[in-house]
Amino acid sequence: MTEQDIRRAYIEELVAVAPDIDPDTVGETDHLQDDLGLDSMDVLNLVTALHERLGVDIPEADYPQIATAKRAVVYLAARIG
Amino acid sequence: MGVFTMPSLGADMEAGTLVEWLVKPGDEVHRGDVLAVVETQKGAIEIECFEEGRVQELQADIGAKLPVGAPLALIVADGEPAPQEPAAAEPEPAPQEPEPAEPEPVEPAPAIAPVQVTEAPAAVPVAPSAGFPVPPVTAPPPSGALAVSPAARVAAKEKGIDLRTVKGTGPGGAILLKDLDAEPAPKPVPKASPQDEMRKAIAAAMTRAKQTIPHFYLSETIDIDPALAWLARRNESSPPAERVLPGALFVRAAAVAASKVSGMNGHFTDGAFRPSSRVNAGVAVALRGGGLVAPAVMGAEAMSVDDIMQAMRDLVVRARAGRLRSSEMTEGTITISSLGESGAEAMTGVIFPPQVALVGLGAPKLRPWVVDGAVVPRTVITLTLSADHRVSDGRQAARFIAEFKSQIASPEAL
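So the sequence lines, in the order shown, correspond to chains L and E.
According to the numbering used here, the first sequence holds residues 20 to 100 in order.
According to the numbering used here, the second sequence holds residues 722 to 1135 in order.
Treat the hints with care, as some may be off.
[To be verified] Computed, partial: chain E to chain L, Cβ under 10 Å:
#1 891
#2 962
#3 1034
What the hints contain is simulated information worked out from the structure, not anything from laboratory work.
Just so it is clear, CB atoms sit at the ideal spot from N, CA and C, and this is done for glycine as well.
Using the sequences and the hints given, assemble the complete structure.
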């Protein structure tokens, strides 16, 4: 799975959780909670969706590692690899 | 035989627009089945049935805006003879408001529809929306229509920008949000946005609450470190789908407390308090576009923390997608409103009529705290109970808070 695939999966699941977000406008360093306005339930739903889609079980302590698209791609790529 | 009517989804609702039928004549229906979807000021709500039987006739058309109480469908019990002429047997249906020429949410009007929204006079009333159909924001663009990102479509609708006049810079010439920035602000559009409608509904309900309910308030700051430590241990060994958030613990604790202090749980209607044996815990969900809804976790007093967590996840997902049910919107017996992990440390909330209490929870804060005679850092939350003085007084409110606190102190028992 390439980094592009991972990024696409992340953005698709993000938009599924928060349907009003325009995927074209999500910046690499936009923060899930501070910039995109997700609440804790949305974050958990995103973590659950990524677990189901990529098979990566993200523990609570690692939630900051997926708080932006940029960080998430690095973190998920390492966990998938 | 029963008539399925437009329900009141809150004391301030006067009308709703039928946007979808989920049954057709001849279908068997049971109590609690969702028969239709109605667009209200609080978004799209799934309307449940209170009858058992078979759908004899659908009496309302999609796109019709109908007053509360207007007949939607005729339901005949099994074995009951179908009326020969249902139209003659029934009272005159309530008058329907003029229908839009194109039912908005159902039949996506192409974005290229020949409309001149910006030239409509500013004083045009909201109701006759015939003449400027607006495509629903979530519908895929029909073939031949303009390619527009969802956010740009919403923004253009809000600002009244004619998308045909906008030059898109996205893939294939798609119009993006930033392309709208170059557009001069047009004259205000007379049609209120869904956010405006929701704000009006909230304003009406909260004004009525403050004018009719003699609120009083009790507060206490509670050490939640033991609960958080218990949750962290529990979640460490759970896959994401089974993890529990602190909010579910708080709702569980409030439900247990509400089941023990009846003056906090029920409805005040027609001049009298009607306590409820069930606890339908309304959970305030902030909507991303602004506004909030408080659908209820039904029967929360009998649910485990895990059950409540699953129910809350389901409510949040459906609130985001505009798929809440009528019973969830009207049968809440107490509301829990939480500021989440970040934000102010306390909230004094307004009771949601006809309920008689609201639990306001501030964001968790790290504070110096005295434990066994020593000052230690602890994560605390401040609970503020808003209660109705027509129904209860300070003693009952204090009992509720004490009960909540003791539940949170021993989360494993929840």
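Hint check against the structure, violated hint numbers in rising order: none
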